[in-house]
Amino acid sequence: MLKKRLIGVITVKAGVAVQSFGYSRYLPLGSPECLAENLDRWGVDEILVLCIDRSRSGHGPDLALLRRLGALGLSTPLSYGGGVHTVAEAAQAIQAGAERLCLDAVLHADPGAVRDMAALLGSQALVAALPMAMRNGEAWHYAYLQGSLLRHTEETNRLFDDGTVSEALLIDAVHEGQRNAFDAELVRRFPRPATPLIVFGGISEPAQIGTLLAQSEVVAVAVGNSLNYSEHAVQNLKQQVQSPSLRPAIYMGGR
29 MLKKRLIGVI TVKAGVAVQS FGYSRYLPLG SPECLAENLD RWGVDEILVL CIDRSRSGHG
89 PDLALLRRLG ALGLSTPLSY GGGVHTVAEA AQAIQAGAER LCLDAVLHAD PGAVRDMAAL
149 LGSQALVAAL PMAMRNGEAW HYAYLQGSLL RHTEETNRLF DDGTVSEALL IDAVHEGQRN
209 AFDAELVRRF PRPATPLIVF GGISEPAQIG TLLAQSEVVA VAVGNSLNYS EHAVQNLKQQ
269 VQSPSLRPAI YMGGR
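Residue numbers (this note's numbering): 29 to 283.
Note that these hints are calculated values from the structure, not bench results. Note that this is a predicted model, so its numbers are computed, not measured. A couple of the hints might just be wrong.
To be verified - For each label pair, taking beta carbons as the anchor points, the in silico distance ranges come out as: (1) Arg216 - Ala171: 39 to 49 Å; (2) Met162 - Ala222: 31 to 41 Å; (3) Pro234 - Pro56: 22 to 32 Å; (4) Val44 - Gly191: 15 to 25 Å.
Unchecked claim - Here are the simulated EDC-like pairs of lysine to aspartate or glutamate, each with C-alpha atoms no more than 20 Å apart in a straight line: (5) Lys31 - Glu245; (6) Lys31 - Glu127; (7) Lys41 - Glu61; (8) Lys41 - Asp73; (9) Lys31 - Asp68; (10) Lys31 - Asp73; (11) Lys31 - Glu195; (12) Lys41 - Asp81; (13) Lys31 - Glu74.
We put the CB at the ideal spot given by N, CA and C, even for glycine.
Taking the hints into account, I'd like the entire structure generated from these sequences.
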C-alpha cells in the first residue's frame, strides 16, 4: 500500500511564522526555522512553508528563508509556496533548498509559465495550491488577491489533465484556521476527480483526518495551527488516527 502523508504547514507573513485564520487574522508564532526544526524532529512526513504575502507585495520567493531552512540539515522533505511566478524564480527556489513548489497566482495568471516550470523541473516538483469554497453546490476558486470567488477555467483544469502539476493542495478558504471544520464536500466537488489531493484548512481532529485519508483521491492531510500547541502533537495525532495508510509515528529521530 502506498503510504499517505501528514504534512506540517508553516505559514509565514513578513518573515514571521503565524497562525492564520481565514486569510484575515494572524497571530505571531516566531521563527519559521524553529518551527521547521520541531516538525522535523517530531516526525511529520513533509514540511510545507507558505509565504502568504509574497505575491500580494509583488515580491518573488523568499530565497533567504529557503537558504536558512536548507542550512538546518532537515531530514524531512521541504515544499515551498509564495511569490513564484517565473521559470527563473522556480529554479532559484529549488536551488535554494525547496524540493517541491506550491503554485497559486501563476496558475491563473500564466499557465504557460507553469508548463515551462514542469518542462525544466518535472511535474513531480509542482503542486497547484487552490483555495476553494462551496457556492451553489459547486467548488469555486477563492482568489485571495481579489477577495472574490471565481469559477475554475478550463485552461487551469488542463494543467491537471495533461499532468503539468502532480498534486493539488485543496485549501478550505472559508474554514482555514478553524478546528475540525474542513468541508469534505470540496473533495467530492473538485473539478478534476482523478487529481491527487492534499487537503488543508480547518483540519485538526484524528477522526476527521482518518475519514479524509480513507478517500482514495486524498494522498495527504496538511495541518497548520493545531500542530503548534504541544511538543507531542504530531506523534499523538498519528497514533490516534491509526490509519494503515499513514506512516507510523516517529519522534526525536527514533526511526
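Now for the hints, and whether the structure bears them out:
no. : hint                        : in the structure
1   : Arg216 - Ala171: 39 to 49 Å : violated (22 Å)
2   : Met162 - Ala222: 31 to 41 Å : violated (20 Å)
3   : Pro234 - Pro56: 22 to 32 Å  : holds (27 Å)
4   : Val44 - Gly191: 15 to 25 Å  : violated (36 Å)
5   : Lys31 - Glu245              : holds (13 Å)
6   : Lys31 - Glu127              : holds (19 Å)
7   : Lys41 - Glu61               : holds (14 Å)
8   : Lys41 - Asp73               : violated (23 Å)
9   : Lys31 - Asp68               : holds (18 Å)
10  : Lys31 - Asp73               : holds (10 Å)
11  : Lys31 - Glu195              : holds (15 Å)
12  : Lys41 - Asp81               : holds (6 Å)
13  : Lys31 - Glu74               : holds (13 Å)
The structure is inconsistent with the numbered hints 1, 2, 4, 8, although it conforms to all the rest.
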